[in-house]
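Residue-level listing of the chains:
Protein chains: 2
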Amino acid sequence: MPPALHDVKALVFDVFGTLVDWHGGIAREARAALMPLGWQADWGRFADDWRAQYQPAMEEVRAGRIPFSKLDVLHRRNLDVVLRQRAWALPEDVRVSLNQAWHRLDAWPDVAPGLARLRQRFLLAPCSNGHIALMVALARRNGLVWDAITGAELARDYKPKASVYQAAASAFDLAPAQVLMVAAHSSDLAAAADAGLRTAFIVRPDEHGPGRGERQAACAVDLSADGLLDLAQQLGC
Amino acid sequence: MPPALHDVKALVFDVFGTLVDWHGGIAREARAALMPLGWQADWGRFADDWRAQYQPAMEEVRAGRIPFSKLDVLHRRNLDVVLRQRAWALPEDVRVSLNQAWHRLDAWPDVAPGLARLRQRFLLAPCSNGHIALMVALARRNGLVWDAITGAELARDYKPKASVYQAAASAFDLAPAQVLMVAAHSSDLAAAADAGLRTAFIVRPDEHGPGRGERQAACAVDLSADGLLDLAQQLGC
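Quick mapping for you: the protein sequence lines, in order, are chains A and B.
The working numbering puts the first residue of the first sequence at -3, with every later residue one more than the last.
The working numbering puts the first residue of the second sequence at -3, with every later residue one more than the last.
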């Protein structure tokens, strides 16, 4: 284990992309919901378009232009934007059900066994922009066991605001340097490091579809791992 | 299952007294810390005295006279009060360690197996006045698995304020009537019912020492159970 990580007591995780395959799951769910209604699309592109609205929507909260809203609310607004762009008229019940697709995403295969190993030595929590109920649904679907749910809803703001990472450490009564932020995105890790946390980069080469993911960290990190089983091994679990 | 409970999706639990034996644990820990230093006491009485400061301390937060403070902070102030009452001069490191006694409490024997059965059918969370790190420590010590940690720290206020119970339901994206509050204290359940939750009374006849606990609910409740295994059976788990 790198010496900088000897004091780490808790690991907190980005979720969308790092732990669950949002791109494949949203493409699958959109196709299943909309093809029978007669709509045709590159469903991976549909997932990308929906996700492209993610940062601008959260920026409304981060900038204080709207009060904190759970991610389901932002996802729904973003879905309406994407449907308007395509001029697709969908009934309300289909929109509601499709918005819940984010609750039905699958974890990458290494995640459940990797977390089980890591939990033998560390406290574990998601530190996602997803809200508590969404984290609970993904955990139940994929057999993940968390010690607590940290992240945007606890902090009432969105990453990469420093307060979100610091609230995660505070929830465990730990200093930021005792917490390792684990993510497949350099921007997340750079912000976590600025907030005082330790950082681990996870390679998810297929996050945005086959061969479309970050292959190495674009910022300084404390370690890089090829999935959570490799992370567990590097951390001596 | 009582018809009023058919829509229940999540169970939220009081912790001190309902799930863990605070009286026996605090008496044990105080004795172990203070007897070797030469102090003598009825250690069960010492636990009662410390606990007697609990509601007045939280009332400072509930009334808005002090900002929200985690229970460790209130417990420490209360410990200092109790030591002052007895004119016991304890070194700072002993006070710090003794204050952590609340992290080292044991669950009643039915709790871990009862929660495991209940979790097959319901979402589970503590809804305690204890903060997140304290709930995490007690869960790890006693092998309890939670879906999330709700309660005072999430709501930034203390029970029996309605907002604490309602924040627990909101965290699961549920209406209050879809959540069953489980507690060994009538006052907790009466407040939960006023906040719109369903209620289950757990008999803990030895909460304050042998034979010193509430034997039946002093308010209307949706069901009463003799421990969590009985609760699981009554709920069809």
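Incorrect hints may appear among the rest.
Intra- or inter-copy, both count: the list cannot distinguish identical chains.
With a straight-line Cα cutoff of 25 angstroms, these simulated BS3-like cross-link-like pairs (lysine-lysine) come out [unchecked claim]:
1. Lys157 to Lys66
2. Lys5 to Lys66
3. Lys157 to Lys5
These are calculated hints, taken from the structure and not from any lab test.
How do Lys157 and Lys5 come out at 25 angstroms by Cα distance, when the copy is not named: within, between, both, or neither?
within (22 angstroms within a copy, 33 angstroms between copies)
**Request:** Classify it for me, Lys5 with Lys66: is the Cα-Cα distance of at most 25 angstroms met within a copy, between copies, both or neither?
**Result:** Between copies only: 20 angstroms across chains, 28 angstroms inside a chain, cut-off 25 angstroms.
Exercise. Up to 25 angstroms between alpha-carbons, please classify Lys157 paired with Lys66: within, between, both or neither.
Key: For Lys157 and Lys66, both the intra-copy (16 angstroms) and inter-copy (23 angstroms) Cα distances are at most 25 angstroms.
Consistency note: the structure conflicts with none of the earlier hints.
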